[in-house]
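Residue numbers (full-length UniProt numbering), protein chains in the order written: chain A, 1 to 294; chain B, 1 to 408.
If you're looking for bench data, these hints aren't it; they were derived computationally from the structure. Each hint should be verified, as a subset may be incorrect.
[Said to hold, decoys possible] Pairs of lysine to any residue, SDA-like flavour, derived with a Cα cap of 20 Å:
1. B:K371 with A:P128
2. B:K251 with A:G137
3. B:K297 with A:I86
4. B:K295 with A:F122
5. B:K295 with A:E121
6. B:K297 with A:L112
7. B:K81 with A:A270
8. B:K81 with A:T273
9. B:K81 with A:L112
10. B:K81 with A:R119
11. B:K251 with B:T163
12. B:K295 with A:R119
13. B:K371 with A:L127
14. B:K81 with A:E269
15. B:K371 with A:R130
16. B:K81 with A:G137
17. B:K297 with A:F122
18. B:K295 with A:N120
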Amino acid sequence: MDDIFGIPAPLLFGQLLLGLINGAFYAMLSLGLAVIFGLLNIVNMAHGAQFMMGAFAAWMLLAWLGIGYWWALLIAPIIVAITGIILEKLFISRLYKLDHLYGLLLTFGLALIIEGVFRNEFGSSGLPYRIPTELSGAWDLGFMFMPVYRGWVVIAALALCLATWVIIEKTRLGAYLRAATENAALVQAFGVNVPRMVTLTYGFGVALAAIGGVLAAPIYSVNPQMGSNLIIVVFAVVVIGGMGSILGAILTGFALGVVEGLTKVFWPEASATVIFVIMAIVLLARPAGLFGRA
Amino acid sequence: MVLQRRDLLGTAAAAAAGTVLPRRRARAQAQTIRIGVLTDMSGPYRDNAGPGSVVLTQQAVQDFGSRGFNVEVLQADHQNKPDVGASITRQWFDQGVDVVADIPTSSVALAANQIAREKNKVHLNSGAATSDLTGPACSPNMVHWTYDTYMLAKSTGAAIVKTGGDSWFFITADYAFGHALERDTGNFVKAQGGKVLGSARYPFPATTDFSAFLLQARASRANVLGLANAGTDTVNAILGAREFGLQRSMKIAALLMGIYDVKAVGLESGQGLLLTEAFYWDLNDRTRALTQRVKAKNQDRPPAMEPAGCYGMVLHYLKAVADMGVAAAKASGADAVARMKAMPTDDDAFGAGTIRADGRKIHPSYLFEVKAPGESRNPWDLYKLAATTPAEEAFRPLAEGNCPLVRS
Chain A
1 MDDIFGIPAP LLFGQLLLGL INGAFYAMLS LGLAVIFGLL NIVNMAHGAQ
51 FMMGAFAAWM LLAWLGIGYW WALLIAPIIV AITGIILEKL FISRLYKLDH
101 LYGLLLTFGL ALIIEGVFRN EFGSSGLPYR IPTELSGAWD LGFMFMPVYR
151 GWVVIAALAL CLATWVIIEK TRLGAYLRAA TENAALVQAF GVNVPRMVTL
201 TYGFGVALAA IGGVLAAPIY SVNPQMGSNL IIVVFAVVVI GGMGSILGAI
251 LTGFALGVVE GLTKVFWPEA SATVIFVIMA IVLLARPAGL FGRA
Chain B
1 MVLQRRDLLG TAAAAAAGTV LPRRRARAQA QTIRIGVLTD MSGPYRDNAG
51 PGSVVLTQQA VQDFGSRGFN VEVLQADHQN KPDVGASITR QWFDQGVDVV
101 ADIPTSSVAL AANQIAREKN KVHLNSGAAT SDLTGPACSP NMVHWTYDTY
151 MLAKSTGAAI VKTGGDSWFF ITADYAFGHA LERDTGNFVK AQGGKVLGSA
201 RYPFPATTDF SAFLLQARAS RANVLGLANA GTDTVNAILG AREFGLQRSM
251 KIAALLMGIY DVKAVGLESG QGLLLTEAFY WDLNDRTRAL TQRVKAKNQD
301 RPPAMEPAGC YGMVLHYLKA VADMGVAAAK ASGADAVARM KAMPTDDDAF
351 GAGTIRADGR KIHPSYLFEV KAPGESRNPW DLYKLAATTP AEEAFRPLAE
401 GNCPLVRS
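The shape of chain A in the complex, shown without the other chains:
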């Protein structure tokens, strides 16, 4: 087959596909961040730690209780969301009236504490989690070897992103949420319990992070710092997409996954930097992000 820019075409197709797979993780995580920022005005720096907690919850369910992957996909996010709701009630809810910076610092501190506790308890090397047998194996696509599990990750992420977008943009509940961010007092006057709704929204955003963690558990080592590498990139995705824009977060997540994947072929050393270069350019040209409202 022909070369494209000196790279064999099959390799390039493979990399595009891998970029989409990684983009699925970015999209899922930045979606949760965008929901939380858009509706609560909190920059949730604990998101990476909550992603990690999702993976650990899946591991604990299997190792301690014998509960497998499919149930973990449901139970782990609920457990992590409950911890998120407790955090929101105890700490975060006190900061809504203050500057963004306070929420950022608080959640950053929480992330460091959570990661530290897990590191003390489980060490830094990580724990093994097997790919469920239904999803093990791989397809030979000709141009690459495609693990079934990675295909599942993309499908699950797409479904999740679509469902979230529909709930927030197309349903009555979503309309309440959006209205509450515009004018909480007025929505409350209509008899909607706004503080509870906000708490549950935070819980939902955290659950999205945790689902990402469960999906990641079989392919990456389950370790306490697994979220901290990812979270920085995910923040860049949210900023590029436009803070609070749900569609922006999803599209940018997938797109940057592809850009990063291609950089890994042409200039691997720069693959961690490229996203931030794009972020700088976008911020210069469109300070509100690609899909944000100024």
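We have chain A already, so just place chain B on it with the hints.
Structure of chain B alone, referenced to chain A:
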């Protein structure tokens, strides 16, 4: 604190002169050896070094016993950042610390090495891998104890070339350690008639997903995948390689992998991997005895290779201090290291050995094969011994390192 007759006499004399406190304090200071364990407490190398290195250093102090001076062990987290590591080292030395020990992460070790030399203190290295520490960056103030990239490359690299793995593709952590490991392994592969078909250097520590590099490795049609990285990165790369079916066409050479990494991969995915260590807890009666002594303090786990190195090198340093006198050892780090080199070494972790002029500690290296789940008798029974490289062949020959100390 150990009270000495000389201290008491000195105190009595000082009391007579009416200056008890300052004199006593000054004497206590002079009689205390301070060892700072500078390690990764919060990052990917925490399990391989980290708290384990502190525990094993304390064990060395305990096993050394009381010989007329105090030993104080400090610890700090360098976060794998050369600037953080350098400023802690500088601060420690300025505050009277005599030895900086362990220092995993080659870039941090190279930075601290320079400072130890400048300030004439002692740098005992167990955790860093780069063979440059005893090469161009060698120093009269440093001992590199446990392993280096040359040792790993020779043992694992040569073993794999022998079994027919003659064309290599590297996935390399893009910093001093990864580069050195790739270079040293590549040299062995080429020397034995093999070829290096390419490498992908990825940003450290910002990479979680290795699939893009694995795909490049597969496309290169090499028959060996060389992982020139460590810790969590190695674990993620191996998990990815299994997932993408690389083991069908390639052998995986994890060039630096320890027991905790094997635990993280799991025996199911890890069985059959070849790896090299200078220490394994279940190697002989002495290593088992040491493991028994420290296990309870080490979160009920056997020590990894790097902490075991901390044990050996700190014990040997303390023997040298006892031999030459505390005052002389504190006055000149270079003299203390020279004394260490002049004395033969012997400890439970590594047995008998020597230290060369370039600072290289000499002992055998061991090639292990990871056991299959069915072969493992207990949770930490992970390896079977595949080959031993004798001490005199395990490390780079003295003349080939380009160490300025050797030439002059």
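Hints, verified against the model:
1. B:K371 with A:P128: holds, 16 Å
2. B:K251 with A:G137: The given pair, whose Cα atoms are some 19 Å apart, holds under the 20 Å limit.
3. B:K297 with A:I86: violated, 34 Å
4. B:K295 with A:F122: Since the Cα atoms of K295 (chain B) and F122 (chain A) sit roughly 16 Å apart, the hinted pair holds (cutoff 20 Å).
5. B:K295 with A:E121: Since the Cα atoms of K295 (chain B) and E121 (chain A) sit roughly 16 Å apart, the hinted pair holds (cutoff 20 Å).
6. B:K297 with A:L112: Measuring from Cα to Cα gives roughly 25 Å; hence the hint is violated.
7. B:K81 with A:A270: holds, 19 Å
8. B:K81 with A:T273: holds, 18 Å
9. B:K81 with A:L112: Given that 20 Å is the threshold and the Cα spacing comes to 18 Å, the pair holds.
10. B:K81 with A:R119: Holds - the C-alpha atoms of R119 (chain A) and K81 (chain B) are around 19 Å apart, at most 20 Å.
11. B:K251 with B:T163: Since the Cα atoms of K251 (chain B) and T163 (chain B) sit roughly 10 Å apart, the hinted pair holds (cutoff 20 Å).
12. B:K295 with A:R119: Measuring from Cα to Cα gives roughly 19 Å; hence the hint holds.
13. B:K371 with A:L127: It holds: about 18 Å lies between the C-alpha atoms, which stays within 20 Å.
14. B:K81 with A:E269: holds, 18 Å
15. B:K371 with A:R130: Distance of about 18 Å is within 20 Å: holds.
16. B:K81 with A:G137: violated, 39 Å
17. B:K297 with A:F122: holds, 15 Å
18. B:K295 with A:N120: holds, 16 Å
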